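*Asks:* Here is what each chain is made of, one letter per residue.
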Amino acid sequence: MRNARFAVFGLVAVFGLAAPPLSARADDVADGQKLALDRAKGNCLACHTLKGGDAPSSVGRELADMKRRFPRRADLVEILTDEAMRNPLAPMPRFGRNHVLTPAEIEEIIDFLYTL
Amino acid sequence: MMRKIVLAAALAIFSLPALAATQGEAEAALEAAQAAEAQALAAKAAWTPTEAALKKAGAALEAGEWDEAKAQADAALALARLSLEQASEQKTLWRNAVFR
Amino acid sequence: MITTKPRHARAILRIAACVLLLAAPARASEASADKPNPEMDRKAFQAFFFAKFPRVAKDEFGNGPYAVNEGVRKQWKEIMEFPPYEFALDDGKAEWVKPFANGKHYADCFDNKGEGVRQTYPRFIRETGQVETLEGAINRCRVENGEKPLEPMTGLMASLTAVMAESSQGKPFAITIPDDPRALNAYERGKEFFYTRKGQLGVSCASCHMSPAGERMRGDILAPALGILAAMPIYRSDWGAMGTTIRRISTCSSQTRAVPLAADDEDYRNLEYFLSYMSNGIPIVGPGTRP
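Protein chains in written order, with this note's numbering: chain A, 17 to 132; chain B, 988 to 1087; chain C, 461 to 751.
It should be emphasised that the hints constitute simulated quantities derived from the structure, not laboratory data. Where hints are given, some of them may not hold.
Claimed, not checked - Sample of chain C residues lacking proximity to chain B, with all beta carbon distances greater than 12 Å (derived):
1. Gln535
2. Arg586
3. Ser627
As the list claims (entries may be wrong) - In the EDC-like style, the derived pairs of lysine to aspartate or glutamate whose C-alpha atoms are separated by at most 16 Å in a straight line are:
4. Lys1042(B) with Asp1054(B)
5. Lys1078(B) with Glu652(C)
6. Lys608(C) with Glu555(C)
7. Lys564(C) with Glu607(C)
8. Lys534(C) with Asp680(C)
9. Lys1078(B) with Asp727(C)
10. Lys1031(B) with Asp727(C)
11. Lys67(A) with Asp81(A)
12. Lys1078(B) with Asp494(C)
13. Lys553(C) with Glu575(C)
14. Lys1078(B) with Glu648(C)
15. Lys1031(B) with Asp725(C)
16. Lys1031(B) with Asp724(C)
17. Lys50(A) with Glu123(A)
18. Lys1031(B) with Glu726(C)
19. Lys1043(B) with Glu1055(B)
20. Lys512(C) with Glu675(C)
21. Lys1031(B) with Glu652(C)
22. Lys573(C) with Glu555(C)
Here the structure is a predicted model, which means the values were calculated and not measured. Glycine included, every Cβ here is placed at the ideal spot set by N, Cα and C.
The whole structure should be built from the sequences, with the hints applied where relevant.
*Replies:* Right, here's the structure in full:
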């Protein structure tokens, strides 16, 4: 009985320490914003306007009202990973597919986009 | 028995960073990346970030930083392969982009 | 065994005939899709842009961003009171009349002494089976007369092409594709290049210069692909210098995070051949100026 309790405690400790803390959300949004505005990374302002941005770009649609327009988070993941696959005419760079952004960076950018 | 399994798992997880690259591994990774990039250049499909990663890998190798060298070389290899795949897929896919 | 009543048989035959008639044209166009049809492509290409920019006169397309955006057009008109490429024209005219060491001149290499011919370049050269750009022709002229080739992106090469462009102002692009399978292939490879996604960004020329033409990318207006070479060579503020077509194409490669090809690479020459043919009928406006 004591061994079982120790085992459960040990496993929870090990995997608990490995799991991301819940309080990262605010950090994720801030990191996502940095990535979005970074010219070497998302460089979103090259083609989109968004709140907090200073460029009048009009190649893509304004990034606003995102929660209502993209209720399925998976859609945004696809768009940022490889929109060209879904739409051969898309000017959208193949961020995820071509390793401009990592999957984790895409998640952070989406966290930021959902605040717009 | 259970105690041993839990301890082993904890040791495994916390000892991962200690699995460092050797000089041989770093050199092999750089060679593989350079070979793939040579193919990409021959196919006129090479990407500038691949070249940048190869440079960093070479510099890290010179400096004896095997982990960094291997990481950069692995990244370069991935980029080179992606560039070749894009070029090969686009050989047929380009027609889908012609406006209607 | 089900037997078909006579009126059912007639209906089935009618339906079968309709299906065959509808399918036949599709099969015919599949067969012709294998053989490039540059004239059909050009008409569709130009129709796309005339529909997209109905208030832009055909003759204006060579002015790129300035043709499709009133705001930047105003700034451009102000700049053009003192064109920044004047120095290049002066240098080019001085160079043009200097004889080579063997006594020959540039004028000896070109039709009509090189005056009013720019709009016919690039050309397909049967002897080499390759597309030759204006810069290629200038360098071939030099080499055939014992001179070293010029660096093709800027400097003296840009000055010479500026002079040739100026002498062709107002003349519409008149690119020919001879009835030679190699020429048709060069055209088709140029078309393929235009639509192929490249670089780590994975975008093509078409990605930005077809549907998004006229839109803003930060401070810049994306030029329509139609007429995009008519103002070459350009003085580009971003460079603080002149640049030829190949300089701009090469820069674009880098901007999409693709390793640029050699300046005289066949792919770039074929791309220029395709783009220029698409602009047949659009007048030369070069040399030009861009942000």
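*Asks:* Hints first: check each against the structure and report whether it holds.
*Replies:* Results of checking the hints against the structure:
Listed as a non-interface residue, Gln535(C) keeps its Cβ farther than 12 Å from every Cβ of chain B; the least gap is roughly 30 Å. The claim that Arg586(C) is not at the interface with chain B holds, since no C-beta of that chain comes within 12 Å of its own (minimum 25 Å). The non-interface label for Ser627(C) is consistent with chain B: the shortest C-beta to C-beta separation is roughly 34 Å, beyond 12 Å. Between Lys1042(B) and Asp1054(B) the CA atoms are separated by roughly 15 Å; this keeps the pair inside 16 Å, and the hint holds.
A distance of roughly 8 Å separates the Cα atoms of Lys1078(B) and Glu652(C); the hinted pair therefore holds under the 16 Å criterion. As the CA atoms of Lys608(C) and Glu555(C) are separated by approximately 14 Å, the hinted pair is consistent with the 16 Å bound. For the given pair, Lys564(C) sits about 11 Å from Glu607(C) by alpha-carbon distance, which is consistent with the 16 Å threshold. Distance hint between Lys534(C) and Asp680(C) is fulfilled; the C-alpha atoms sit about 14 Å from each other, no more than 16 Å.
The suggested pairing of Lys1078(B) with Asp727(C) holds, with an alpha-carbon distance near 14 Å, which does not exceed 16 Å. Of the pairs offered as hints, the one joining Lys1031(B) and Asp727(C) holds, with about 9 Å between alpha carbons and a cut-off of 16 Å not exceeded. The straight-line distance between the Cα atoms of Lys67(A) and Asp81(A) is roughly 11 Å, inside the 16 Å bound, and the hint therefore holds. For a cut-off of 16 Å, the pair hint linking Lys1078(B) to Asp494(C) stands: about 15 Å separates their Cα positions.
A distance of roughly 12 Å separates the Cα atoms of Lys553(C) and Glu575(C); the hinted pair therefore holds under the 16 Å criterion. Straight-line distance between C-alpha atoms of Lys1078(B) and Glu648(C) comes to about 12 Å, which keeps the hinted pair within the 16 Å bound. For the hint linking Lys1031(B) to Asp725(C), the alpha-carbon distance of about 10 Å falls within 16 Å, and the restraint holds. Simply put, Lys1031(B) and Asp724(C) have alpha-carbon atoms about 13 Å apart, close enough for the 16 Å limit, and the pair holds.
Straight-line distance between C-alpha atoms of Lys50(A) and Glu123(A) comes to about 13 Å, which keeps the hinted pair within the 16 Å bound. For the hint linking Lys1031(B) to Glu726(C), the alpha-carbon distance of about 11 Å falls within 16 Å, and the restraint holds. A hinted pair counts as satisfied when its Cα atoms are at most 16 Å apart, and Lys1043(B) with Glu1055(B) qualifies at roughly 8 Å. Under the criterion of a C-alpha separation no larger than 16 Å, the hint pairing Lys512(C) with Glu675(C) is consistent with the structure, at around 12 Å.
Distance restraint check for Lys1031(B) and Glu652(C): the Cα-Cα separation of roughly 14 Å lies within the 16 Å cut-off, and the hinted pair is therefore satisfied. Among the hinted pairs, Lys573(C) with Glu555(C) is consistent with the structure: their alpha-carbon atoms are about 14 Å apart, no more than 16 Å.
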